[in-house]
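Colleague: Sequence:
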Amino acid sequence: GEKKVKQTDDNVFNCVPSVSLLPPSSEQLSGGSATLACLLSGYSPQGAVVSWEVDGTEVTEGVLSSSEEEKSGRYSSSSTLSLSQERWMKGEQYSCHVLHHDHSPVSQSLDPESCSE
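Counting from 240, one number per residue, gives the positions in the sequence shown under my numbering.
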C-alpha cells in the first residue's frame with residue numbers, strides 16, 4: 240500500500256505565511272484609484288486563503304488573488320483590493336486576513352489616515 244507520512248514529520252514544513260500589506264501609491268491616488276496589496280511569502284504547504292475587510296466588514300468586490308508560486312518548497316502569493324480613491328479615503332481601516340490550514344489567522348491592517356509612505 241501507500242506509505243503514509245506521519246503528521247509529526249509533516250510539521251517541519253508547516254510554515255505560517257509572513258504577510259505584508261502595502262497601501263496605494265500616491266501616484267495612484269492622484270489618478271483617482273487605490274489598490275492595496277497583501278503579499279504572502281515563505282509558507283508551506285500551499286493553500287493560503289486571503290480575505291479582505293473594510294471597517295470590519297468583509298469585501299469581495301475588487302479583490303484579485305494571484306496563483307500560488309512555489310520556490311524551493313515554500314509558497315508565495317498575493318491578493319489585491321482595488322478601490323476608488325474616494326472609497327479609500329472614506330474607510331477607517333483596511334485589513335487583509337490570511338487563513339493557512341490549522342494556524343491561527345494572520346492579519347495586517349492599514350489606516351488611510353496614517354502617513355505611511
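Please note that the accuracy of each hint is not assured.
[Unchecked claim] Computed cross-link-like contacts, SDA-like style, restricted to lysine to any residue with a CA-CA straight-line distance of at most 20 Å: (1) K310 - Q267; (2) K329 - G281; (3) K329 - Q267; (4) K310 - G270; (5) K329 - E300; (6) K310 - S269; (7) K310 - S264; (8) K310 - E266; (9) K329 - S257; (10) K329 - Q285; (11) K310 - Q285; (12) K329 - E266; (13) K310 - T274.
For the record, the hints were derived by calculation from the structure and aren't laboratory data.
Colleague: Against this structure, judge whether each hint is valid.
Modeller: Structure-based check of each hint:
1. Among the hinted pairs, K310 with Q267 is inconsistent with the structure: their alpha-carbon atoms are about 31 Å apart, more than 20 Å.
2. Annotation: proposed proximity of K329 to G281 is violated, straight-line Cα distance about 33 Å (limit 20 Å).
3. Taking the CA atoms of K329 and Q267, the gap is about 16 Å. The hint holds against a cut of 20 Å.
4. Annotation: proposed proximity of K310 to G270 is violated, straight-line Cα distance about 35 Å (limit 20 Å).
5. The straight-line distance between the Cα atoms of K329 and E300 is roughly 16 Å, inside the 20 Å bound, and the hint therefore holds.
6. Between K310 and S269 the alpha-carbon distance is near 36 Å, which puts this suggested pair outside the 20 Å criterion.
7. As the CA atoms of K310 and S264 are separated by approximately 28 Å, the hinted pair breaks the 20 Å bound.
8. Distance restraint check for K310 and E266: the Cα-Cα separation of roughly 32 Å exceeds the 20 Å cut-off, and the hinted pair is therefore not satisfied.
9. Between K329 and S257 the alpha-carbon distance is near 28 Å, which puts this suggested pair outside the 20 Å criterion.
10. Among the hinted pairs, K329 with Q285 is inconsistent with the structure: their alpha-carbon atoms are about 35 Å apart, more than 20 Å.
11. For the suggested pair K310 and Q285, the alpha carbons sit about 11 Å apart, so the restraint of at most 20 Å is met.
12. Pair hint K329 plus E266 holds up; C-alpha atoms about 18 Å apart against a cutoff of 20 Å.
13. Of the supplied pair hints, the one linking K310 and T274 is violated, its CA atoms being roughly 26 Å apart against a limit of 20 Å.
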